[in-house]
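S.K.: Sequence:
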Amino acid sequence: MRRRSAPAAWTALAAAGALLLAGCGEGGAGKSGPPGGPSAAPRVQLPRLDGEKLEVSAVWTGPEQANFTKVLEEFEKRTGASVAFVPAQDPIVTFLGTKIAGGQPPDVALLPQVGALTAAVQNKWVQPVGPEAKAQLDKNYSPGWKELGAVGGTQYGVYYKAANKSLVWYNAKAFEAAGVQPPKTWKELIAAADTLSASGTPAVSVAGADGWTLTDWFENVYLSQAGPEKYDRLAKHEIKWTDDSVRQALTTLAELFGRKDFLAGGTSGALATEFPKSVTQTFTGGDRPAAAMVFEGDFVAVNIAQTEAKIGEDALVFPFPAVGAKAPVVSGGDVAVALKPSKGAQALLTFLASPDAAEIQARQGGFVSPNKAVDPAAYPNAIQRRIAEALIAAGDDFRFDMSDQAPAAFGGTPGAGEWKALQDFLANPSDVAGTQARLEADAAKAYGN
Numbered sequence: 000m001r002r003r004s005a006p007a008a009w010t011a012l013a014a015a016g017a018l019l020l021a022g023c024g025e026g027g028a029g030k031s032g033p034p035g036g037p038s039a040a041p042r043v044q045l046p047r048l049d050g051e052k053l054e055v056s057a058v059w060t061g062p063e064q065a066n067f068t069k070v071l072e073e074f075e076k077r078t079g080a081s082v083a084f085v086p087a088q089d090p091i092v093t094f095l096g097t098k099i100a101g102g103q104p105p106d107v108a109l110l111p112q113v114g115a116l117t118a119a120v121q122n123k124w125v126q127p128v129g130p131e132a133k134a135q136l137d138k139n140y141s142p143g144w145k146e147l148g149a150v151g152g153t154q155y156g157v158y159y160k161a162a163n164k165s166l167v168w169y170n171a172k173a174f175e176a177a178g179v180q181p182p183k184t185w186k187e188l189i190a191a192a193d194t195l196s197a198s199g200t201p202a203v204s205v206a207g208a209d210g211w212t213l214t215d216w217f218e219n220v221y222l223s224q225a226g227p228e229k230y231d232r233l234a235k236h237e238i239k240w241t242d243d244s245v246r247q248a249l250t251t252l253a254e255l256f257g258r259k260d261f262l263a264g265g266t267s268g269a270l271a272t273e274f275p276k277s278v279t280q281t282f283t284g285g286d287r288p289a290a291a292m293v294f295e296g297d298f299v300a301v302n303i304a305q306t307e308a309k310i311g312e313d314a315l316v317f318p319f320p321a322v323g324a325k326a327p328v329v330s331g332g333d334v335a336v337a338l339k340p341s342k343g344a345q346a347l348l349t350f351l352a353s354p355d356a357a358e359i360q361a362r363q364g365g366f367v368s369p370n371k372a373v374d375p376a377a378y379p380n381a382i383q384r385r386i387a388e389a390l391i392a393a394g395d396d397f398r399f400d401m402s403d404q405a406p407a408a409f410g411g412t413p414g415a416g417e418w419k420a421l422q423d424f425l426a427n428p429s430d431v432a433g434t435q436a437r438l439e440a441d442a443a444k445a446y447g448n
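Numbering (numbering that gives the first Met the number 0), first residue to last: 0 to 448.
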């Protein structure tokens, strides 16, 4: 599935990128769709769970948590259960381990990494998906997304949320003022960044305080430059991080990170900026935003919604530029798993595998579902609709986030492993060889080879 080459994904998402660029100025592109809430007729049957209390954990906060809470409220209405959301901390495997050791695991958790799912199964924390949820998966998901939620041939998870992590969002007024057009290649991106910064607006808002965003920067550059086969091998640590392909990717990334004038707040500002702020500061400040553009996935829309900027008018988007022959397509996602052998936990997995649940959160914006039965009209604007349609059109041909495939100790732990090494690299982009050595040492320890 995701290990083979991905021409369909590149074609589908490149086409979507063209549509995004063509449709960004459309009248109504930023207008809201239907209000939040379920579709008229339920498409999945759920059991009555009157009096049952459930806890759900995820690393989501702020608007993302609030939007997911609307999904849980609908589940409560349909089943009579009471559901509490318990915010988790990264790394979620450590958080869950503490809860389980204390005898108080949540009923359901949403894991943001494939590596976290594998670790949870190996620790015997999670329950296999029940027949009702599996029926929804078989009906609504492509084989590739089902495979991502399986370990050792057994289905343990439901991929509720997906992400296109190969997007750059930009402030339309800042681009217009500088006379800059959305770049299609890395060379054009650097040229645009130079023009933007010279105009008085730093080019890029980088969320350096959150190491996971830096892994996404690296992965997009690496996939486009080194190609899908090497990407897959590095993801499994079949080649070392001291490989020349990694050197080339870091050297390329240093062309951006090494220019302090390109970064909102300079290097120190980037290292102190968390992801939500990296977005909001790009779309506030009137004629003087902190930066002209910000890189990250479709979920950026959730944070744009916290500003007065309108998606499709003030906030536009273009595909991550091609570094090599083809533009990269990197996907991510959150997988729901049951941690208790209860009727309620399985019922919630069934609901999350249905289009009914996904459409509620889709209406809120900043959310994309891999569920192919979701009505595209549920998405609140043309930009997000096209992103979602492209994800479904890609089928099984995509590349999943590399750090999310890695053991959590390397690819998913704040202040350690890849997150820390790339933060150090942002602080000193000239130290390519040292960064490679640290990455390889940490990877070898985490992978055990």
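Some hints here could point you the wrong way.
[Unchecked claim] Here are the simulated DSS-like pairs of lysine-lysine, each with C-alpha atoms no more than 30 Å apart in a straight line:
| id | residue 1 | residue 2 |
| --- | --- | --- |
| 1 | Lys172 | Lys98 |
| 2 | Lys419 | Lys98 |
| 3 | Lys325 | Lys419 |
[Stated by the list, open to error] Here are the computed distance ranges between Cβ atoms for each label pair:
| id | residue 1 | residue 2 | range |
| --- | --- | --- | --- |
| 4 | Thr194 | Asn448 | 43 to 51 Å |
| 5 | Lys138 | Ala432 | 47 to 55 Å |
| 6 | Gly61 | Ala271 | 33 to 41 Å |
| 7 | Ala100 | Gly447 | 32 to 40 Å |
| 8 | Lys123 | Ala40 | 37 to 45 Å |
| 9 | Glu187 | Ala432 | 25 to 33 Å |
Because the hints were derived from the structure by calculation, they are not lab data.
Values in this document were obtained by computation on a predicted structure and should not be read as measured data.
Cβ coordinates follow ideal geometry from the N, Cα and C atoms, glycine included.
S.K.: Taking the hints in turn, state whether each one holds.
M.R.: The hints, checked one at a time:
| no. | hint | verdict |
| --- | --- | --- |
| 1 | Lys172 x Lys98 | violated (47 Å) |
| 2 | Lys419 x Lys98 | holds (26 Å) |
| 3 | Lys325 x Lys419 | holds (29 Å) |
| 4 | Thr194 x Asn448: 43 to 51 Å | holds (45 Å) |
| 5 | Lys138 x Ala432: 47 to 55 Å | holds (51 Å) |
| 6 | Gly61 x Ala271: 33 to 41 Å | violated (19 Å) |
| 7 | Ala100 x Gly447: 32 to 40 Å | violated (24 Å) |
| 8 | Lys123 x Ala40: 37 to 45 Å | holds (39 Å) |
| 9 | Glu187 x Ala432: 25 to 33 Å | holds (28 Å) |
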